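Visitor: Below, each chain spelled out in residue letters.
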Amino acid sequence: MKAGILLFPGINRERDMILAVRQSFGHEPQIIWHKETALPASLDLVIIPGGFSFGDYLRCGAMAAQSPIMAAVRAHAARGGYVLGVCNGFQILTESGLLPGALLRNAGLRFLSMDTLLRVERNDTVFTSHFAAGAVFRAPMAHGDGNYTADSATLDRLEGEGLVAFRYHDANRNGSARDIAGIYSDNRRILGLMPHPEDLVDPLMGGTDGKPIFDSLAAA
Amino acid sequence: MTPSVAERAKPMVNAELAKSFGLNAEEYGKVLEIMGRTPSLTELGIFSVMWSEHCSYKSSRVWLRELPTKAPWVIHGPGENAGVIDIGEGLAAIFKMESHNHPSFIEPYQGAATGVGGILRDVFTMGARPIANLNALRFGDPALPVTKRVVDGVVRGIGGYGNCVGVPTVGGEVNFHPAYNGNPLVNAMTVGIAAQDKIFLSAAAGIGNPVVYVGSKTGRDGIHGATMASTEFDANSAEKRPTVQVGDPFTEKLLIEACLELMQTDAIVAIQDMGAAGLTSSSVEMAGKGGVGIELVLDDVPQRETGMSAYEMMLSESQERMLLVLKPERAEMARAIIEKWDLDYAIIGHITDTGRIIVKHRGVVEADIPLAPLSDAAPLYRRPTVATPKPAPLGRVDTSAPLGEALLTLIACPDLCSRRWIFDQYDSTVGGQTVKRPAQADAAIVRLEGSKRALAMTTDCTPRYCVADPEAGGAQAIAEAWRNITATGARPLAVTDNMNFGNPEKPEIMGQFAAAISGMAAACKALDFPVVSGNVSLYNETEGRGILPTPAIGAVGVIEDAALAMGIALKPDTDLVLIGATAGHLGRSLYLREICGQEAGAPPPVDLAAERANGDFVRARILAGEVAACHDVSDGGLLVAIAEMALAGETGATLAAQGDAAFWFGEDQARYVLAVSDATALIAAANAAGIHAELIGHARADKKLTLPGGIAISLTQLATAHESFFPNWFAA
Numbered sequence: 000m001k002a003g004i005l006l007f008p009g010i011n012r013e014r015d016m017i018l019a020v021r022q023s024f025g026h027e028p029q030i031i032w033h034k035e036t037a038l039p040a041s042l043d044l045v046i047i048p049g050g051f052s053f054g055d056y057l058r059c060g061a062m063a064a065q066s067p068i069m070a071a072v073r074a075h076a077a078r079g080g081y082v083l084g085v086c087n088g089f090q091i092l093t094e095s096g097l098l099p100g101a102l103l104r105n106a107g108l109r110f111l112s113m114d115t116l117l118r119v120e121r122n123d124t125v126f127t128s129h130f131a132a133g134a135v136f137r138a139p140m141a142h143g144d145g146n147y148t149a150d151s152a153t154l155d156r157l158e159g160e161g162l163v164a165f166r167y168h169d170a171n172r173n174g175s176a177r178d179i180a181g182i183y184s185d186n187r188r189i190l191g192l193m194p195h196p197e198d199l200v201d202p203l204m205g206g207t208d209g210k211p212i213f214d215s216l217a218a219a
Numbered sequence: 000m001t002p003s004v005a006e007r008a009k010p011m012v013n014a015e016l017a018k019s020f021g022l023n024a025e026e027y028g029k030v031l032e033i034m035g036r037t038p039s040l041t042e043l044g045i046f047s048v049m050w051s052e053h054c055s056y057k058s059s060r061v062w063l064r065e066l067p068t069k070a071p072w073v074i075h076g077p078g079e080n081a082g083v084i085d086i087g088e089g090l091a092a093i094f095k096m097e098s099h100n101h102p103s104f105i106e107p108y109q110g111a112a113t114g115v116g117g118i119l120r121d122v123f124t125m126g127a128r129p130i131a132n133l134n135a136l137r138f139g140d141p142a143l144p145v146t147k148r149v150v151d152g153v154v155r156g157i158g159g160y161g162n163c164v165g166v167p168t169v170g171g172e173v174n175f176h177p178a179y180n181g182n183p184l185v186n187a188m189t190v191g192i193a194a195q196d197k198i199f200l201s202a203a204a205g206i207g208n209p210v211v212y213v214g215s216k217t218g219r220d221g222i223h224g225a226t227m228a229s230t231e232f233d234a235n236s237a238e239k240r241p242t243v244q245v246g247d248p249f250t251e252k253l254l255i256e257a258c259l260e261l262m263q264t265d266a267i268v269a270i271q272d273m274g275a276a277g278l279t280s281s282s283v284e285m286a287g288k289g290g291v292g293i294e295l296v297l298d299d300v301p302q303r304e305t306g307m308s309a310y311e312m313m314l315s316e317s318q319e320r321m322l323l324v325l326k327p328e329r330a331e332m333a334r335a336i337i338e339k340w341d342l343d344y345a346i347i348g349h350i351t352d353t354g355r356i357i358v359k360h361r362g363v364v365e366a367d368i369p370l371a372p373l374s375d376a377a378p379l380y381r382r383p384t385v386a387t388p389k390p391a392p393l394g395r396v397d398t399s400a401p402l403g404e405a406l407l408t409l410i411a412c413p414d415l416c417s418r419r420w421i422f423d424q425y426d427s428t429v430g431g432q433t434v435k436r437p438a439q440a441d442a443a444i445v446r447l448e449g450s451k452r453a454l455a456m457t458t459d460c461t462p463r464y465c466v467a468d469p470e471a472g473g474a475q476a477i478a479e480a481w482r483n484i485t486a487t488g489a490r491p492l493a494v495t496d497n498m499n500f501g502n503p504e505k506p507e508i509m510g511q512f513a514a515a516i517s518g519m520a521a522a523c524k525a526l527d528f529p530v531v532s533g534n535v536s537l538y539n540e541t542e543g544r545g546i547l548p549t550p551a552i553g554a555v556g557v558i559e560d561a562a563l564a565m566g567i568a569l570k571p572d573t574d575l576v577l578i579g580a581t582a583g584h585l586g587r588s589l590y591l592r593e594i595c596g597q598e599a600g601a602p603p604p605v606d607l608a609a610e611r612a613n614g615d616f617v618r619a620r621i622l623a624g625e626v627a628a629c630h631d632v633s634d635g636g637l638l639v640a641i642a643e644m645a646l647a648g649e650t651g652a653t654l655a656a657q658g659d660a661a662f663w664f665g666e667d668q669a670r671y672v673l674a675v676s677d678a679t680a681l682i683a684a685a686n687a688a689g690i691h692a693e694l695i696g697h698a699r700a701d702k703k704l705t706l707p708g709g710i711a712i713s714l715t716q717l718a719t720a721h722e723s724f725f726p727n728w729f730a731a
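Protein sequences appear in the order of chains A and B.
FYI, in numbering that gives the first Met the number 0 the residues of the first sequence are 0 to 219.
FYI, in numbering that gives the first Met the number 0 the residues of the second sequence are 0 to 731.
Keep in mind that a hint or two might mislead.
Okay, derived cross-link-like pairs now, SDA-like style, lysine to any residue, Cα gap no bigger than 25 Å in a straight line [stated by the list, open to error]:
1) K34(A) / L259(B)
2) K197(B) / Q263(B)
3) K339(B) / A64(A)
4) K339(B) / R187(A)
Short derived list, chain B residues pointing at chain A, Cβ under 7 Å [stated by the list, open to error]:
5) T37
6) G158
7) N162
8) C163
9) G165
10) K252
11) I421
12) D426
13) G431
14) A561
15) L563
Now the stretches of chain A that chain B is said to cover, found in silico as 3 or more residues with beta-carbon under 8 Å [as the list claims (entries may be wrong)]:
16) 12 to 18
17) 52 to 60
18) 109 to 116
19) 191 to 203
If you're looking for bench data, these hints aren't it; they were derived computationally from the structure.
Remember, it's a predicted structure, so these values are computed and weren't measured experimentally.
We treat Cβ as the ideally placed atom computed from N, Cα and C, and that holds for glycine.
Please work from the sequences and hints to get the whole structure.
Guide: In structure tokens:
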């Protein structure tokens, strides 16, 4: 699996993501600047990391969603390419229309930075094959706008069609609808989630709970 | 010649105007002498900010010279934008702590946010990628509504800025005391990493080289911020709100990336951030340090507002701006890198051989000042000092409160309770290198990317000790920082100091300052712990009442193998051993204040030889792999330290040692609690080294703390007491 990491101004977790990809994939991801208009040839996976793209002074991710590179990402997705968006990356995917719903300010109106437990809703996707069925794993959160919302028909459809990827297991601190922490696109080739599995891939940093996501992708 | 509209609007420059700019009659006399004429408004502005307490250190410099600043591992000590030390593998740690006290009271969110932004720039301007932020915060009485507003704004501001720039906020300290009512302290520290052969300095060179402005546009914000920070507050301080700057962490993030990218080339001759006194201090310092002259053409400065005067542009403290001197043949390549990051780039002048700063605007020379006297003739005061009287000995103390009740009261009080509510709002994991997060160890541990090595970092000061005995308090602040680094297994290397005091024109305040420096210097010498950077914040007074003297210490150490870094979390089936002698010192302790309602007596004495011996012993045991958990004994004493270890490890303990309240809650220094599997061997090794060690208990998986006498407190009860203060305060 050949991975590329998008870099928008204000993205700040690209280094964490590079480390996680390097460890599981065994090679360096390509870094793709937001002003590019095409993705590198034969790229399998586009990763949009966390941060504050364009300062998030407008709605989180709204500016990045209009960047030149996103047209190429939409085309990649339409071809059935894989996309992973974490935190600001998830917000950019919803703002781009590649995933349904939106991420609002956290219910308590404060930035939340702590570990959370996530429940793996299905382990038969390209992102989760290295998790056991029903696995619960730990991941750091670090966001001000992680409160997932969508209209009830959309939420029903996400649940009915098995498109919920992860749910908050210990506590729903940001107020997300139906405890949703991450969702898939209809073809389950696009994943967006708020917490940061890429920050828990090394025992020294407190554990390797997030590593199965990258191992799953590497094996795909 | 008919004066322009702008000319006519300018106030008359005279002694009275100089006074309103913060220059006294004698200082204004010196200005006239240097200039040989009445200065222009812009010139007066430049003199007033360069000679402000904030920029000139005129009251503190004579004392700061007493601090030791050298060691074989010190690469650059005080005098640069930040201190630089050798951390091995060809790498350098670059760090500094700086105050943003005055702005943070007037406008807590922006004051704290721009404090973080400013200290970040001091570090990356030297070529370092920032890898950690820390802070040291002091607030007033929690019972006052204004305190809650200030705490909320400051915490949101620190998080808002640090989270966005993507530098993890990994450590800090918070105290409350009524002496900080109306004068909170916000001290922010940044630590960065650079290759030792890629360190950038600010001394300008190369006659004719372009002077380049990079970053945000200049606006009318923060004019005279440095002067504001050099006076006391009064009832009208809210009127100073327009002197507070507004931060833009997104632009700062771009500035970090753009500067670090440019630093990979050979384009930069010199670089300096525009901090306090903005364009004035950066241009004056760069040219002054290089022994050259500088000519600026302000028409070319990127401006956010129209019609700005030379005076306004030179004095603006708009944030997120840098000044560079470039090699002329690299200027266009540099422009391409800066503009790639969507930042303004403008050549606004050049380096000259005149030894003068010349500022032109709209074809008029607005300032023409010789640089040497501007710095050399800057005022320097050895202000009168009065020694702080030694505190009366502590009388009899009522220690009848039951041990368990006293513990529950202490770990719930604002100065000892969990800081989770605060650090849960700071991104502590971004970067993927945070080995020990807040509250997991006595110092934060952040690994160096691509290395096994990690830095240990802490901030410390105990102002209630300093007010009773500033010399002992100064020494204690250094010793506690050294101890906190040691307790993780890291080797303490160097210190940045942030001296927060009241009005230096009062002899008793200057006496506190001098004594604190003296105590710090002694401790730094004894512990081989030089001061490599720092900041002085004076005039921390409101309505004539000063703060507690607060020499906040930021410290950095290194551990060769991050996997050996020790935390405080207790592990089951270990013995608890206390290292260091206990006399049961209750003077100025939190027990005395929170349980007995007294702030009295002398602070605990600091025995620097014992600090050194005990610390070196503990560090060696940790690095030998003999220790399962380690925590220094500080605020609240031994029983509080054990309770914190139990909570962090979700592991209970049964305490065997017998002692009174003074034993369990005394704040004697140079002590550590170690959890080990073999207490006998540890105690024997300690005794062989002449170090006091005693078995105090045994850790169990039973989730309760069993006190001597058999009374048990469940960890749930302890946790509830420890975790409640902040959430309850902000729920109310």
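Visitor: Which of the numbered hints above does this structure break?
Guide: Going through the list in order, the structure violates hints 4, 5, 11 and 15 and respects the others.
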